[in-house]
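There are 4 protein chains.
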Amino acid sequence: MSEITYSFESLRDALRAFAAERDWDQFHSPKNLAVSLSVEAAELLQNFQWISDEQSKTLPRDVVVRVRDEMADVLLYLVRLADKLDVDVSEAAQTKMEVNALRYPVDKARGRSTKHTDL
Amino acid sequence: MSEITYSFESLRDALRAFAAERDWDQFHSPKNLAVSLSVEAAELLQNFQWISDEQSKTLPRDVVVRVRDEMADVLLYLVRLADKLDVDVSEAAQTKMEVNALRYPVDKARGRSTKHTDL
Amino acid sequence: MSEITYSFESLRDALRAFAAERDWDQFHSPKNLAVSLSVEAAELLQNFQWISDEQSKTLPRDVVVRVRDEMADVLLYLVRLADKLDVDVSEAAQTKMEVNALRYPVDKARGRSTKHTDL
Amino acid sequence: MSEITYSFESLRDALRAFAAERDWDQFHSPKNLAVSLSVEAAELLQNFQWISDEQSKTLPRDVVVRVRDEMADVLLYLVRLADKLDVDVSEAAQTKMEVNALRYPVDKARGRSTKHTDL
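Chains as they are written, first to last, in my numbering: chain A, 1 to 119; chain B, 1001 to 1119; chain C, 2001 to 2119; chain D, 3001 to 3119.
Keep in mind the hints are simulated off the structure, nothing from the lab. Mixed in with the good hints there might be a few duds.
What the hints assert, rightly or not - Listed next, the in silico DSS-like pairs over lysine-lysine satisfying Cα-Cα at most 25 Å (straight line):
| # | chain 1 | residue 1 | chain 2 | residue 2 |
| --- | --- | --- | --- | --- |
| 1 | A | Lys84 | B | Lys1057 |
| 2 | C | Lys2096 | B | Lys1057 |
| 3 | D | Lys3115 | C | Lys2096 |
| 4 | D | Lys3057 | A | Lys57 |
| 5 | D | Lys3057 | B | Lys1115 |
| 6 | B | Lys1084 | A | Lys84 |
| 7 | B | Lys1096 | A | Lys84 |
| 8 | A | Lys115 | D | Lys3057 |
| 9 | C | Lys2057 | C | Lys2115 |
| 10 | A | Lys115 | B | Lys1057 |
| 11 | B | Lys1115 | B | Lys1057 |
| 12 | A | Lys57 | B | Lys1084 |
This structure is a prediction, so every number in the text was calculated from the model and none was measured.
Bound conformation, chain A alone (with noise of 0.2 Å):
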């Protein structure tokens, strides 16, 4: 079971912090950090480039580190990017899982990958 020790706020808040203090929020336009955003999720990703669905079900503990450490620049640019839209994306995500239970109900998508547009 996964424990989790830090919220949102605290990062929001250190992130603020953080680019106060290098004078950085001049690069931090929500373009750029979409930019950003984007670029780390595909870090993450290039560690499964070349192994099987399956295979990444048993990653050896080096990849799982490296994979946490590209998990950690998404979530801190996504964390700043809300901060910048004045976005509460923990609620966004909420919303969504919502909107998601009505798109795919238990009986239709039940083991199946179907998108909810062509259920």
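Put chains B, C and D on the given structure of chain A with help from the hints.
Chains B, C and D in isolation, oriented as in the chain A frame:
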């Protein structure tokens, strides 16, 4: 000031229940989740495709709504991947910020977007 | 004026020989090639992460060299994927331009980056 | 055997005319083109999101058609970016293959997906 309503734990637990009810764990290999994360990050980026950095700082409301929806997807796949890999992504982010603080000392990094390896 | 030295065919054939000699066809599933294409496109994008649109028009020579190297990777995976799917990517591109000419009539699209669905 | 109908040059020239007629050069900064390339590569990847490597080797015809359409977009942005940066992307690809031949000698790389830095 953005408010934050839901915790990582509550999103993780809701995603677990969502997948279990639909028998979707079979599709949620770490590789597939990494692919999905990357795809959603690019869908988010698409909203910034033809606008300048400056324009991205004052997005129309309807664009913010679309971006927020993609941020939700990114977060959901990130939380799901973290759960599958048994990673505490919040702690990884906190650790990464501490690493970045060492890589980018205030006096050297102030006002510069240079990569740490070139500082 | 950029010159163009090699043809799609010669790249395709060289890639076939390269993979055959190394027994790499086993790794070159269309899914893996699509993942690789996306990863390389993001590595290319990384070179533009913190610069403005304007700055990107006058890149220092060393950045152009790095970008060119990533463009090569994108092209190689694209040609390889086309071969595996038996697709003539050059004809697909030509056809797409003809579709785009209909979607974006000169009188409506002139000077506007609006998506065709909103024109 | 896939046939190849159009050359890089003809695509490049058609794209130049297309942009000139619509006064779109103003939007085609190298940064924006790099963003677009990455977005299209992810749209291509989306077609492989929930299928296995094996399944990707025998795609239904309608999926191949969708993938081909995204490959066209990737190629068009790549050719356009090459033109803007005055890069011969075909030569860059040829050169990269020669580099890769040195990095991955047949006797060492045969049947292995290990990265050259770890060979």
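Here is how each hint holds up against the structure:
1. A:Lys84 <-> B:Lys1057: holds (8 Å)
2. C:Lys2096 <-> B:Lys1057: Given that 25 Å is the threshold and the Cα spacing comes to 33 Å, the pair is violated.
3. D:Lys3115 <-> C:Lys2096: violated (35 Å)
4. D:Lys3057 <-> A:Lys57: holds (21 Å)
5. D:Lys3057 <-> B:Lys1115: violated (40 Å)
6. B:Lys1084 <-> A:Lys84: violated (29 Å)
7. B:Lys1096 <-> A:Lys84: holds (20 Å)
8. A:Lys115 <-> D:Lys3057: The hint holds at about 21 Å.
9. C:Lys2057 <-> C:Lys2115: holds (24 Å)
10. A:Lys115 <-> B:Lys1057: Roughly 33 Å between the alpha carbons, so the hint for Lys115 of chain A and Lys1057 of chain B is violated.
11. B:Lys1115 <-> B:Lys1057: holds (24 Å)
12. A:Lys57 <-> B:Lys1084: Distance ~8 Å between Lys57 of chain A and Lys1084 of chain B Cα, so the pair holds.
In this structure, the earlier hints numbered 2, 3, 5, 6 and 10 are contradicted, and the remaining ones agree with it.
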